[in-house]
Amino acid sequence: MAAPAAEVRVEIASDDDVVAARQAGRRLAEQLGLALTDLTLIATAISEVARNITAYAGCGEIVVRQIEQRGRSGVEVVARDEGPGIEDIERALQDGYTTGGGLGIGLPGARRLMDDFAISSHVGRGTTITMTKWAPA
Amino acid sequence: MAAPAAEVRVEIASDDDVVAARQAGRRLAEQLGLALTDLTLIATAISEVARNITAYAGCGEIVVRQIEQRGRSGVEVVARDEGPGIEDIERALQDGYTTGGGLGIGLPGARRLMDDFAISSHVGRGTTITMTKWAPA
Amino acid sequence: MPVPILKQGSVLIASIQTALTDTDVLRLQNKLIEQVGRYRSRGIVVDVAAIDVMDSFVARSLRAIAQMTRLRGAEMVLVGIQPEVAFAMVQLGTSLEDVHTALDLEEGLALLESLGGEAGRHGGPGS
Amino acid sequence: MPVPILKQGSVLIASIQTALTDTDVLRLQNKLIEQVGRYRSRGIVVDVAAIDVMDSFVARSLRAIAQMTRLRGAEMVLVGIQPEVAFAMVQLGTSLEDVHTALDLEEGLALLESLGGEAGRHGGPGS
Ligand SMILES: Nc1ncnc2c1ncn2[C@@H]1O[C@H](COP(=O)(O)OP(=O)(O)O)[C@@H](O)[C@H]1O
Ligand SMILES: Nc1ncnc2c1ncn2[C@@H]1O[C@H](COP(=O)(O)OP(=O)(O)O)[C@@H](O)[C@H]1O
Numbered sequence: 002m003a004a005p006a007a008e009v010r011v012e013i014a015s016d017d018d019v020v021a022a023r024q025a026g027r028r029l030a031e032q033l034g035l036a037l038t039d040l041t042l043i044a045t046a047i048s049e050v051a052r053n054i055t056a057y058a059g060c061g062e063i064v065v066r067q068i069e070q071r072g073r074s075g076v077e078v079v080a081r082d083e084g085p086g087i088e089d090i091e092r093a094l095q096d097g098y099t100t101g102g103g104l105g106i107g108l109p110g111a112r113r114l115m116d117d118f119a120i121s122s123h124v125g126r127g128t129t130i131t132m133t134k135w136a137p138a
Numbered sequence: 002m003a004a005p006a007a008e009v010r011v012e013i014a015s016d017d018d019v020v021a022a023r024q025a026g027r028r029l030a031e032q033l034g035l036a037l038t039d040l041t042l043i044a045t046a047i048s049e050v051a052r053n054i055t056a057y058a059g060c061g062e063i064v065v066r067q068i069e070q071r072g073r074s075g076v077e078v079v080a081r082d083e084g085p086g087i088e089d090i091e092r093a094l095q096d097g098y099t100t101g102g103g104l105g106i107g108l109p110g111a112r113r114l115m116d117d118f119a120i121s122s123h124v125g126r127g128t129t130i131t132m133t134k135w136a137p138a
Numbered sequence: 002m003p004v005p006i007l008k009q010g011s012v013l014i015a016s017i018q019t020a021l022t023d024t025d026v027l028r029l030q031n032k033l034i035e036q037v038g039r040y041r042s043r044g045i046v047v048d049v050a051a052i053d054v055m056d057s058f059v060a061r062s063l064r065a066i067a068q069m070t071r072l073r074g075a076e077m078v079l080v081g082i083q084p085e086v087a088f089a090m091v092q093l094g095t096s097l098e099d100v101h102t103a104l105d106l107e108e109g110l111a112l113l114e115s116l117g118g119e120a121g122r123h124g125g126p127g128s
Numbered sequence: 002m003p004v005p006i007l008k009q010g011s012v013l014i015a016s017i018q019t020a021l022t023d024t025d026v027l028r029l030q031n032k033l034i035e036q037v038g039r040y041r042s043r044g045i046v047v048d049v050a051a052i053d054v055m056d057s058f059v060a061r062s063l064r065a066i067a068q069m070t071r072l073r074g075a076e077m078v079l080v081g082i083q084p085e086v087a088f089a090m091v092q093l094g095t096s097l098e099d100v101h102t103a104l105d106l107e108e109g110l111a112l113l114e115s116l117g118g119e120a121g122r123h124g125g126p127g128s
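Respectively, the protein sequence lines represent chains A, B, C and D. In terms of the working numbering, the first sequence is residues 2 to 138. In terms of the working numbering, the second sequence is residues 2 to 138. In terms of the working numbering, the third sequence is residues 2 to 128. In terms of the working numbering, the fourth sequence is residues 2 to 128.
One or more of the hints may lead you astray.
To be verified - Between beta-carbon pairs, the in silico distance windows are:
(1) C:E98 - A:T131: 30 to 38 Å
(2) D:D105 - B:S74: 49 to 57 Å
(3) D:L27 - B:V124: 27 to 35 Å
Unchecked claim - Some chain A residues well away from chain C (every beta-carbon gap over 10 Å; in silico):
(4) A44
(5) R52
(6) A111
(7) P137
By construction, these hints were calculated from the structure, which means they are not laboratory data. Here the structure is a predicted model, which means the values were calculated and not measured. Even for Gly, the Cβ is constructed at its ideal location relative to N, Cα and C.
Excised from the complex, chain A in its bound form (with noise of 0.2 Å):
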């Protein structure tokens, strides 16, 4: 009965392209059974992993795949860009802070909405966000 794991990828380069990766998102969790509730917050912290691509690298890719794991089952998106990195990774997870003029809420708020949430980021090479959303047990 295992299907082969869902998985979309969506290019990230103008405002467009975050309205429809966070619905792509959406989309997969709700094939995967999670509450509505669960499809609001993934959307929404996908809307500003992909923004702050579109805002600081210009252009990269989400992608949101279905995932197993100790026998839950889960959506992970996965936000990357080849961008000017984040300096100060956590001084960017905390709440306010922006360079951007934004709210500064993005990073943050991301990592409230979902279950996991983890940045890698080198100045100069690029960002990774890895997030996840656990469908209840």
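Take the given structure of chain A and dock chains B, C and D with the ligands to it, following the hints.
Frame of chain A, contents of chains B, C and D with the ligands only:
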């Protein structure tokens, strides 16, 4: 049809010049067809950085010009002085930080008012602020 | 997708019909700023019932419109926030405490009416 | 350009006619402080309809005038803020939450009247 890129330059030494600079910037942006709201955002940002020149550097200049980049057109404002420079740029960009008894929102506010915003400053040598507002696509 | 704005008496009603890009949000913002001046509006209702996501960009724009409106002595009311969208906003950290909200358009208009009592209306009936 | 100040009953009305330099703003501030004392005014209306830009300096001065007025048991109302000017103020970060606002002069006077019940008037008619 491409007319030579428009440019205006205003010497800043007194508070009359602050008004002159923001009005000149506004007129140029109007010629480029920007919306009333954008004209006001640009004029307000110019007012803040021009006042800082009179307050902290004594004198300097504001240059407003039309720019084109990747098929988009916009208004670029450069505020330049050879004053004392800014010691801690990151702090100067925080809301409420002032060394002059102001509200401390001039620089962070100008960043929010414009689309792009960059400061280059060297202690003892001066400050250059470059900021851009893009015309809607 | 442009957001239609209706004028009903002295109130503007913006009814968001679909997911918005950032560009759509900025256009809506500009249109509201322009029309609130042109029509000397007393209030704005923004209906977000059809919105999929209220992220930090949308929240910031809506708050800016609310504050702009208040500076003119008028008021903005946000209506139709779906429960799951409201929940996501709280997790994200944009609970818009300073923005008036109501359940739906009808209640939003009623709220505007009652708010108008303080700033706008003078010589109201029976007082 | 000096800002004309009209005295209408117990209210001072300052009508800004054009763009103001910082010096003009400070002069207006001083003149209002002086006249509010001289005429024991109950209220001030500052009409900014003709102002092009409300930057941090103007905002700070207006807030100072409002606070000074309040300390005398009177009130200041800001009227005529254009929507795009209001929006720029919000982006800049000076939304003047603590200052009364109204759409235009007439409504500003009405608002002062209603506020007067609380702060200014004692033994007002019928209350
Ligand atoms: N993909 C990215 N590339 C480079 N820098 C980023 C990226 N995403 C976020 N940042 C940095 O982290 C800061 C905080 O991001 P965030 O919390 O989303 O707030 P905001 O986007 O409102 O600034 C940003 O201002 C930016 O400096
Ligand atoms: N052109 C400049 N030259 C030197 N210092 C400056 C300049 N512009 C701003 N600054 C410094 O940055 C601080 C913050 O500026 P700003 O945010 O505009 O607030 P304010 O002008 O109210 O102090 C100023 O107090 C000053 O120390």
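Evaluated hints:
no., hint, in the structure
1, C:E98 - A:T131: 30 to 38 Å, "32 Å, holds"
2, D:D105 - B:S74: 49 to 57 Å, "36 Å, violated"
3, D:L27 - B:V124: 27 to 35 Å, "30 Å, holds"
4, A44, "5 Å, violated"
5, R52, "6 Å, violated"
6, A111, "8 Å, violated"
7, P137, "15 Å, holds"
Figure legend: structure checked against the earlier numbered hints; hints not met, in rising order: 2, 4, 5 and 6.
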